[in-house]
Amino acid sequence: MNDRWSQSRRRFLHTLAGAGVIAAADLGWWDAPFISPRKAWGAEPVHFQFSVPEPTRIALVTSLVERFNQSQKDFEVRVEFVPQAQARQKLISAISAGSPPDVCQVWDNWLGQFQGMGAVEDLTSRVKSWKHQQDVQPTAWQTVTIGKEIVSLPLSVTLDAIFYRTDRLKEYGLKEPTPDWTWDDFLRMATAFSKKDKNQYGYGMRGAGTWAVLYPSEFAYANGAEVLRNGKVTINSKEAVDALAWYMDLALKHHVTPPSAPTDGFVEIVEGFGRGITSMYQHNSGSVGQQKKNVGVQNFATLPVPIGPAKKRASFYFSETLTAFKGARNKEGAWRFMSFMLEDEPSLMYCKTLGLLPARKSIIERPEFTNDPALSGFVNSFPFTIVSPYLAYPGWGGKLDSDGVPLIQQAMVGKISPKECLDRFADILTKDMG
Amino acid sequence: MSTVSVTGGSRRARPLLSMRARTLLTGYAYLVPAALCLLATVVVPIAKAIQMSLYNDVLFKPQDYRFIGLANYMRLAQDPVFWLTLWNSFVWVFGSVVLQFVAGFAAALLLHQAFTGRAVVRTVVLLPWIIPGVVVGLIWEWLYQPNYGVINDLLINAGWLHDRVAWLSNPDLAMAAVVFTNVWRGIPFFAIMLLAGLQAVPEELYEAARIDGAGVLDRFWHVTLPLMRPIIVVATATRIIWTFNYADLIFVMTSGGPANATQITSTYTLLQAYSNLDFGYAAALSVVLLLVMLAFTAAYLRVTKGVEETG
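Line by line, the protein sequences are chains A and B. With numbering that gives the first Met the number 0 as the guide, the letters of the first sequence map in order to residues 0 to 433. With numbering that gives the first Met the number 0 as the guide, the letters of the second sequence map in order to residues 0 to 310.
Bound conformation, chain A alone (with noise of 0.2 Å):
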């Protein structure tokens, strides 16, 4: 009897579970199913890798995956969130692994190795059949666009320009600058702004990551100097050099940066203005979001770059993008997921929450974005933007960081000349040409 009793609960348990697998193959298909996502039999779903996660961008980007989700129910999209320092490292390592993530989002300096490394997809053929393609701003299209190849869809771009603290200006009855502002109003400004008593300083220089080279790079745009010329590396021209000059002078001269400007990065920089340590600093407009928060809307401001000596001014052109690679198990999921994220509601919502300028021109032109008057700046940076001189050569990007920062920072602290650093800055970007 106990055998009996024994088979027969054996049997009633197998039941159940063969009823439960077929009930749970069949809810997956029910338009409001309680076994969530729901998604087509055999569908890969899309692994999407996200950098910089601070609290703001993982709930916007969560929503955004969330909304593409519940938007179609043959894949679904699983965010993977990775810090910004480690996100780079992470793809590299997975990629030589063979199992990158479907889609990621990259900044265009990354393309070029990536590219190198034969990981990214080429996307040219889906993008001339995709609706908005002539709606994205040609430069935008310059920086995901390698040799012949457009690799990424450009989510957002990033111009840079100079945020200034209105409310120090009437404390210490500054003239308000205007957008046509020369080097000589810049440095009057940063001096009049640096109250060592008070531990305020001019101008937050940035000393570490990638941008302590790039933003001195344009400042010597504006001394009519330039990076690359006619084929040849040209940093180390004499415009180049006395811009170099002109800009480690407000460390060293003028005394008007803080101490620790030689290592201070992205957060030091905001930080410091936030706090109120510094009333100037160069940045694209993805901290304008932080900086409503710290210092207040009323508060502060943006102008473009100043003019410097030549006339002339630039500000670098980078694209934050997605990029899909050939090792993706769902293509065409990556690239269902890619451009919803530019549809006109995602790209506003993206951006407008961020900060940051929408790669396509309608979006941009929307009153959010030309009304916003600390955006102003970036948007009146468009101009002159030109893209990244350093995207020229796809090692380019890994010799700012190895060689160019600490190259930078010896200048810096004066350790070496402004023609010595960028003597040997050219010795090592033009043996990095081939």
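Don't read these hints as lab results, they were simulated from the structure. Among the hints, a few may not be true.
Claimed, not checked - Quick list of in silico lysine to aspartate or glutamate cross-link-like pairs, EDC-like style, CA-CA up to 16 Å: (1) A:K194 to B:D162; (2) A:K398 to A:D422; (3) B:K60 to A:D431; (4) A:K414 to B:D171.
These numbers come from a predicted model, not from an experiment.
Got chain A sorted already, so can you dock chain B onto it with the hints?
Below, chain B alone, put in the same frame as chain A:
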């Protein structure tokens, strides 16, 4: 009545292996899993790194991948930053370990004394060791922050400092600052290890020394130190190797800057691998670092061999 048949003429088959051989083989068989694990996780990666170091292996230039013999090592010999990082590594390792040892020994001697609340103090002393290295780096980075860090504020308020000091941004101070942080973090390691050693010293020896008229210093020098030598040797050797490879603090606090002032060989290797994607050169750096550590450890153990035995 049952019958029992006995095959009186047959002999038991001789085993293929002798008892001694079987015992020996059984012993080795037990070692096989551990040996396989070591082979897979240590020997193979080292061999792979040595192989990579002989190739031009820049990830984004797969077309240039080729055998180049010792070219990466030649490049390394001519790379001034490598020599700087090697020097920085020695300053970082020996600065950290010597100070950690001295302070850790002092802490161990204190904790060895009987006083109320000793258990609580022992737990508190362990705290810096419990906190993850990256968190320690972040905490100290903010403490050192020249504009709004606590250290400058305290020193200025106490009147010991007039101007704000950029601890991590001044190339002349940055290494000292990160070494100090590492010392703070490493003291508990030595304190606990040496405390365990102190507790193993028989009390009778101190009694005998006291009866012979030995003072505190004599007892420390002639009783404590000789008996502690084995643990001192093991603890310092382990710590030296760890510190050579320990890049977390520097990576978080200064990223090797300013101007390479805190760039040690392990952070430089990371930079070459993940900024320049030059895995061949990074592998050559790793191999050289491994050789330096092997040479040092061998020399250290050789020098301290007699010491250990006398202990």
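- Message: Need the status of pair K414 (chain A), D171 (chain B): alpha-carbon distance at most 16 Å?
- Response: This hinted pair holds, its Cα atoms lying about 11 Å apart.
- Straight-line alpha-carbon gap K398 (chain A) to D422 (chain A), limit 16 Å: Distance ~14 Å between K398 (chain A) and D422 (chain A) Cα, so the pair holds.
- Message: Check whether the Cα positions of K194 (chain A) and D162 (chain B) lie no farther apart than 16 Å.
- Response: holds (13 Å)
- Restraint status (C-alpha distance of K60 (chain B) to D431 (chain A) at most 16 Å): holds (11 Å)
Consistency with the previously given hints is maintained throughout, with no hint failing.
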